[in-house]
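Required output: the full structure, derived from the provided sequences and hints.
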Amino acid sequence: MYSYLYSSVISGVKAEIVRVEIDISRGLPGFNIVGLAGKTVKESAQRVRSAIINSGFEWPVKKITVNLAPGNINKYGSHFDLAIAAALLECSGQIKIIDKAKTILAGELNLNGKINSVKGLISMLIEAKNNNFKQAVLPAANKTESSLVKSIDYYLIDHLKQINKFNHYSSDNSKQIKQNNYTAKKYPDLSEIKGQKNAKEAILTAAAGGHNLLLIGPPGCGKTVLAQSIVKLLPPLDKKEFLETASIYSISDNLAELNLNKRYRPFVAPHHSITSAALIGGGKIPAPGEISLAHNGVLFLDELPEFKNRVLANLREPLENKSIKIVRQQGSFYFPANFQFIAAMNPCPCGFAGVKNRECRCSERDIIRYQQKLSGPLKDRIDLQVEVLPLAKEEILNKNSVQAKINYQSKVKDALARQNFRYQNTKIKNNSELELHDLDKYCKLSETSSYLLDQAFAELKLSIRGYIRLIRVARTIADLNQNEKIKDEDLFKAIDFRWYAEKSEMLL
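For the sequence shown, our numbering gives the first residue as 1, with consecutive numbering after it.
A portion of the hints provided could be inaccurate.
Stated by the list, open to error - Below, a list of computed lysine-lysine pairs in the DSS-like style, where the Cα atoms sit at most 30 Å apart: (1) Lys444 to Lys427; (2) Lys134 to Lys239; (3) Lys14 to Lys411; (4) Lys411 to Lys262; (5) Lys200 to Lys185; (6) Lys42 to Lys63; (7) Lys39 to Lys100; (8) Lys114 to Lys42; (9) Lys186 to Lys411; (10) Lys429 to Lys239; (11) Lys197 to Lys427; (12) Lys441 to Lys379; (13) Lys308 to Lys461; (14) Lys308 to Lys411; (15) Lys325 to Lys284; (16) Lys42 to Lys240; (17) Lys308 to Lys322; (18) Lys379 to Lys461; (19) Lys240 to Lys129; (20) Lys485 to Lys322; (21) Lys102 to Lys42; (22) Lys14 to Lys322; (23) Lys134 to Lys42.
Hints in this document: simulated from the structure, not taken from any laboratory.
Remember, predicted model here, so these are calculated numbers, not experimental data.
Given below as structure tokens:
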């Protein structure tokens, strides 16, 4: 007797369809799984047997062979349990699954037949939809993830005994699943932050053009709050971006960290003790790292010089290529990493170099050694490098201080609309993606601006990459100022945002 069903396996952040084949024949009773099955998959033999018996079904006392095809892909994960159990029951004639060639199953079985949630379900459903599958049988515990992928009917069950009845149920697609985000992070509003005019303009510019940003200042001056405020300025994730991001979080089993209602872009802030594998992804079975969790969002590294040099060096490739390639013995894995990079650092080890009314206890050698932890190649990839100064006590405590009401969200929205119109027939999404050959077309300069740019190139000792990034920033500032062409004041401001970093290196 022979039967089959379909499941899926995660490879990187994508899924591969797996055909689960069952053959029940005469011979010495046994249960064998073949097809490059990992340890977790082979252990399913014991879970499946106990779950079938404890769910009221009969276990065939015969030779049972399970094949997971194609045989050249490594299979791992406990989510194959449900497909193996259902295929075995269907093969032994105990259940009948309608349209099994268009049905995909995923779920981990307990010994009593209950079904646990699984990781990576969104990627599995996306791949099933791309392969024209019509229906999916899934754990009830994954109802939130199931509701995010449309165009495929899904049936939620919480026990193996329900596998015989799901064909008679109506699809759960018709049910409105309430998406609560009690654990979703809350972010500050830029307009509520007191003072810090220059830093606010830098945050605004970064949000409007997708630029990388470095905030340099003493402890407690508000660098972290300023960085977090960018989340509310960025446009919400569109449908495609949302599914991409949600699938990565589903694989990492922390979908609750995403705000499913407001669709805020992810803001990932790992601790400086993080390892290279945790940051860029890796492991025996490669899993997404923090830079992939920040895909379509923001990666924030606080206390930047405290990160290990080897860890920071790994950021160079994804900052340029927007993805990372992990190579292991079983193959190559690509992880998306299209993130906006924001970092914060102190000017010296004690944090008070160049700060008025505060004494710096660091020697000149200590300051130089501390600032040189940020390598030149990494620093060159950061468009905006801004000094953040501490506020006076009166600015913080004076409740009657008048702050200009600025609609930052509206300014960013208008700037992005200008970029969308300008790049509508290209693959460019925002100003941060402009290349050298694009500058003559989209970033024309007057004679005075060209002379000013030449001076800045020499004074700041910019590389070609730094030169391009400076013009990108000037283009974004012009969009914020509603200027069709880059004016002198736009370029002055862009140079100012780079000059602060050069100044900070001389704060002795």
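Quick rundown of the hints versus the structure:
1. Distance hint between Lys444 and Lys427 is fulfilled; the C-alpha atoms sit about 20 Å from each other, no more than 30 Å.
2. Between the alpha carbons of Lys134 and Lys239 the distance comes to roughly 21 Å, so the proposed pair stays at or under 30 Å and holds.
3. Straight-line distance between C-alpha atoms of Lys14 and Lys411 comes to about 36 Å, which puts the hinted pair past the 30 Å bound.
4. A threshold of 30 Å between alpha carbons decides the hint, and for Lys411 with Lys262 the separation of about 20 Å falls inside it, so the pair holds.
5. A distance of roughly 21 Å separates the Cα atoms of Lys200 and Lys185; the hinted pair therefore holds under the 30 Å criterion.
6. Only pairs whose Cα atoms come within 30 Å are accepted, and Lys42 paired with Lys63 is accepted, the gap being roughly 16 Å.
7. As the CA atoms of Lys39 and Lys100 are separated by approximately 27 Å, the hinted pair is consistent with the 30 Å bound.
8. With a CA separation close to 19 Å, the supplied pair Lys114 and Lys42 stays within the 30 Å bound.
9. About 22 Å separates the Cα atoms of Lys186 and Lys411, which keeps this hinted pair within 30 Å; it holds.
10. For the hint linking Lys429 to Lys239, the alpha-carbon distance of about 16 Å falls within 30 Å, and the restraint holds.
11. Pair hint Lys197 plus Lys427 does not hold up; C-alpha atoms about 33 Å apart against a cutoff of 30 Å.
12. At roughly 27 Å between alpha-carbon atoms, Lys441 and Lys379 fall within 30 Å of each other, so this suggested pair holds.
13. For the hint linking Lys308 to Lys461, the alpha-carbon distance of about 26 Å falls within 30 Å, and the restraint holds.
14. Only pairs whose Cα atoms come within 30 Å are accepted, and Lys308 paired with Lys411 is rejected, the gap being roughly 37 Å.
15. Of the pairs offered as hints, the one joining Lys325 and Lys284 holds, with about 14 Å between alpha carbons and a cut-off of 30 Å not exceeded.
16. Proximity of Lys42 to Lys240 is assessed by CA-CA distance (about 35 Å); at most 30 Å being required, the pair is judged violated.
17. Distance check on the hinted pair: Lys308 and Lys322 sit about 22 Å apart at the alpha-carbon level, within 30 Å; holds.
18. Distance check on the hinted pair: Lys379 and Lys461 sit about 13 Å apart at the alpha-carbon level, within 30 Å; holds.
19. For the hint pairing Lys240 with Lys129, the CA-to-CA distance comes to about 14 Å; that is within 30 Å, so the pair holds.
20. Restraint check: the Cα-Cα separation between Lys485 and Lys322 comes to about 29 Å, which is no more than 30 Å; the hinted pair holds.
21. For the given pair, Lys102 sits about 25 Å from Lys42 by alpha-carbon distance, which is consistent with the 30 Å threshold.
22. For the proposed pair Lys14 and Lys322, the alpha carbon gap of about 17 Å is at most 30 Å, so the pair holds.
23. A hinted pair counts as satisfied when its Cα atoms are at most 30 Å apart, and Lys134 with Lys42 qualifies at roughly 28 Å.
Violated hints, in rising order: 3, 11, 14 and 16; the structure is consistent with all others.
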